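S.K.: Take the sequences, apply the hints, and build the full model.
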Amino acid sequence: MAPILQAINLTKRFGGLTAADSVSLDVNAGEVIGLVGDNGAGKSTFIKMIAGVYRPDDGEIRFNGQPVAFNGPRAVRDLGIETIYQDLALAENLDVGANIFLGREIKSRYLGGLIQTVNRPRMLEESATTLTRLNIKIPSLTQQIRNLSGGQRQAVAIARTIHWNARLVIMDEPTAALGVAQQHEVLTLVRTLSDQGVPVILISHNMQDVFAVSDRIVVMRRGKKVGEREAKKTTPDEIVSLMVGAEAVHEMGVIPRALSGIQESL
Amino acid sequence: MTVDSADRAPAESKAPTAKHRRNRSENLVLVRKVWPWIFLVALLATFSIASQQMNQVTFLSFRSVQGILLYASQILLIGLGETFIIIAAGIDLSAGWVLGFSSVIGAQIMQSLYASGASPVVTIVVGMLGGTLIAVVPGWINGLLVARVKVPAFITTLGMGFLVEGVALIRSGGYPVAQQPPYLGPLGNGSLLYFWPGHGFTFFNLPETATNADFQSIIPLMPNPVFVAIIVAAVCWFILAKTQFGQHLYAIGGNFEASVRAGIPVSRVLIKAYILAAVVAGIAGMVWTARFSSGAYNAGEVTTLNSIAAVVIGGASLFGGEGTIIGTVLGALIIGTIQYGLVLLGVSPFWQYVAVGLVVIFAVVMDQFGRKLGK
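Top to bottom, those sequences are chains A and B.
Sequential numbering from 1 applies to the first sequence in the numbering used here.
Sequential numbering from 267 applies to the second sequence in the numbering used here.
Any given hint might turn out to be false.
Stated by the list, open to error - Example chain B residues on the side facing chain A (calculated, C-beta under 7 Å, incomplete): (1) Gly451; (2) Ala479; (3) Lys508; (4) Gln510; (5) Gln513; (6) Ala517; (7) Gly520; (8) Gly529; (9) Ile530; (10) Ser533; (11) Arg534; (12) Gly587.
Stated by the list, open to error - Simulated restraints, written as ranges between beta carbons of each label pair: (13) A:Glu230 - B:Ile592: 58 to 64 Å; (14) A:Lys137 - B:Gln634: 31 to 37 Å; (15) B:Val501 - A:Pro121: 19 to 25 Å; (16) B:Val402 - A:Pro139: 43 to 49 Å; (17) A:Tyr110 - B:Ser382: 38 to 44 Å; (18) B:Ile592 - A:Asn28: 52 to 58 Å; (19) B:Glu474 - A:Pro121: 47 to 53 Å.
What the hints assert, rightly or not - Within a straight-line C-alpha distance of at most 30 Å, the following computed BS3-like cross-link-like pairs (lysine-lysine) qualify: (20) A:Lys137 - B:Lys508; (21) A:Lys107 - B:Lys508; (22) B:Lys538 - A:Lys107.
Note that these hints are calculated values from the structure, not bench results.
Please read these numbers as outputs of a predicted model, since none were measured by experiment.
Backbone N, C-alpha and C define an ideal beta-carbon position, used for all residues, glycine too.
M.R.: What follows is the structure, given as structure tokens:
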């Protein structure tokens, strides 16, 4: 089966700096890809080219076999590639239903469309259906987002992309600001998405998370893709040494001190 | 250039349990929603007792309730437009001056039409429409500057206030624009209904069979300006609470960036909101013109800040995303009650400002208090 997304030799330069250098990636249906790398490795640049935020200087993106011309983030979203950024883009003062339908509210028409109102009951109903489909439990959908936990907010953001038929979801550090239990919920949700055939690209610093949900792990370093491993056939140590550069580990003979934090979390 | 932020503070790590949260958020809603009602009732009770004790005047009479409503109606009208703007995290400091501007322009249209021999009815209809619609211009410019040029609303509307005040002054020479057609005064000072005990109701006019001696016993119900304010409030409520435009205003005030990313046409929504606020100010200007049978550049001089006060008392947040029409109605009623009540008690009108100021500060304190409970 052909990959859903093919990124072929994507390159992005900012002045003299090559932030992403000929990076290629195939994403298949139902796959979770962990995209890892140190700060400045080029993960965000690479993702933003896929999301239509940056125009690649070189290379090609194919979605379902079709080349994707650069047309900005809206066009990419319309294709079904949804990116969930760290800030989630939820309106905290609105309820769950209103956020899932933000900007695309369901309307009731009266007097031949002369008067149109927002159909809140139906928005809540359809939100509930989507949430159920993803096994997300939120006590009350009429709650304002500000009263939800971080994990629940993340779930609402994910549910929103799914409701609008996302065919590929990119998540930028989805668990970074969450407590342990909520991290677990979000990871379960990532798994649910892929089980339903929606591939996920997960950007994360957290090795534990990456190994918990990924099928494949892609490592970037200094703008280049330096490794691609099946999660089952690799170890956190190998991934970390790819992240910092195998030579560095060899030279020092130990994991550098800067990475001891990651080491402890393994 | 790639920035991967790993060094974010774990903002949610201290999240309390879900149950805890819900109780507190219920408190938040309760405190912020209920206190204006209690306050209004307490205010009415205080004034009733005080006026009975001090002046042997019954405060809660039919006439004084209508007096309060009349006092409140202009604040309410401006406050309605202001509610839309404040929910979208803006502010309109020009509203009161747009009121005066509309009043001058509308009155001048009527003055010249009537002088050139047009019938009073045509004159009044054309003048009122013209005076109301001219407000679209400052509203539209406000919206353009705020939404597209990204000038802060505070500065834009402050400047626009001076601008329309100046234009109204230049056009009127600073004098009231009088020589208005007949019917205008009766329209502005009449009532929707007249009740003549023993004879029944009539609409708009005093009963024709009544003589001067009967007028004392006829009770006017619902002064026309109040009626206009209620209609406009109902329309505004519908727009804000029920339409997509209203929903988008809340979204923009709640999270501007998210609204942009969700594909809400943010600029268009904001421009519409500023035009709407200005048109409502225009309507208020025409109501004023009818009440006083003249136009004046400073007709809404003190109304802007009073109406912003009303919106804040009604539970709107100046940071955007919060506020309701019902809240603004309550806020306007509270300010109207204070103003009317103090006059009735024979307190110097200068004290009104002190009282309104105290209530506004109290409202913000209650808001902060509610927020703390909700955290």
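S.K.: All hints, please: hold or fail.
M.R.: Do the hints match the structure? See the list:
{"no.": "1", "hint": "Gly451", "verdict": "35 Å, violated"}
{"no.": "2", "hint": "Ala479", "verdict": "49 Å, violated"}
{"no.": "3", "hint": "Lys508", "verdict": "4 Å, holds"}
{"no.": "4", "hint": "Gln510", "verdict": "5 Å, holds"}
{"no.": "5", "hint": "Gln513", "verdict": "5 Å, holds"}
{"no.": "6", "hint": "Ala517", "verdict": "5 Å, holds"}
{"no.": "7", "hint": "Gly520", "verdict": "4 Å, holds"}
{"no.": "8", "hint": "Gly529", "verdict": "4 Å, holds"}
{"no.": "9", "hint": "Ile530", "verdict": "4 Å, holds"}
{"no.": "10", "hint": "Ser533", "verdict": "14 Å, violated"}
{"no.": "11", "hint": "Arg534", "verdict": "12 Å, violated"}
{"no.": "12", "hint": "Gly587", "verdict": "4 Å, holds"}
{"no.": "13", "hint": "A:Glu230 - B:Ile592: 58 to 64 Å", "verdict": "60 Å, holds"}
{"no.": "14", "hint": "A:Lys137 - B:Gln634: 31 to 37 Å", "verdict": "33 Å, holds"}
{"no.": "15", "hint": "B:Val501 - A:Pro121: 19 to 25 Å", "verdict": "23 Å, holds"}
{"no.": "16", "hint": "B:Val402 - A:Pro139: 43 to 49 Å", "verdict": "46 Å, holds"}
{"no.": "17", "hint": "A:Tyr110 - B:Ser382: 38 to 44 Å", "verdict": "43 Å, holds"}
{"no.": "18", "hint": "B:Ile592 - A:Asn28: 52 to 58 Å", "verdict": "54 Å, holds"}
{"no.": "19", "hint": "B:Glu474 - A:Pro121: 47 to 53 Å", "verdict": "51 Å, holds"}
{"no.": "20", "hint": "A:Lys137 - B:Lys508", "verdict": "28 Å, holds"}
{"no.": "21", "hint": "A:Lys107 - B:Lys508", "verdict": "10 Å, holds"}
{"no.": "22", "hint": "B:Lys538 - A:Lys107", "verdict": "19 Å, holds"}
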